[in-house]
Amino acid sequence: MVKLTSSDGQEVIVPKEIACQSILIKNMIEDVGDSEDQPIPLPNVSGPILAKVIEYATHHKDDPPLPAEEEAKLKSSEDIDEWDREFTNVDQGTLFELILASNYLDMKGLLDLGCKTVANMIKGKTVEEIRK
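FYI, the UniProt record's numbering numbers position 59 of the sequence shown as 59, with every residue one higher than the one before it.
None of the hints are false.
Calculated lysine to aspartate or glutamate pairs in the DMTMM-like style (CA-CA distance at most 25 Å, straight line): (1) Lys61 to Asp106; (2) Lys16 to Asp63; (3) Lys16 to Asp37; (4) Lys125 to Asp79; (5) Lys123 to Asp91; (6) Lys108 to Asp63; (7) Lys16 to Glu55; (8) Lys108 to Glu86.
Bear in mind the hints are in silico, worked out from the structure with no lab data behind them.
Whole structure, please, built from the sequences with the hints as guidance.
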């Protein structure tokens with residue numbers, strides 16, 4: 001188990017396999033060890049966003065790594081499965097915080113999902129419509 005601390009001081013204890021979906025956290029654990037007594041600070045991630053990130057990581061914990069050619073096929077913004085679509089069905093501010101957190105935590109799958117969702121939101125809109 002690994003203890004994570006959000007920017008607003010919320011502490012969450014998660015299984016190591018869930019936490020290590022973040023390359024940042026995985027590297028921190030490798031550098032300092034995975035003592036539950038020593039929390040890993042995440043100064044760029046708020047408590048509510050950390051909870052969403054953990055929800056995503058828990059759902060996708062058994063996903064196999066994709067070969068490069070498969071990954072290229074998944075770049076299409078149309079290919080979002082139902083659970084992921086529901087997961088990203090949040091207000092715009094939360095979605096952008098999720099994207100920032102996934103970039104900071106180095107979670108490629110979540111970052112790609114957030115970017116696909118934004119791409120679908122702006123698809124077919126004019127510049128003025130997007131600004132709103």
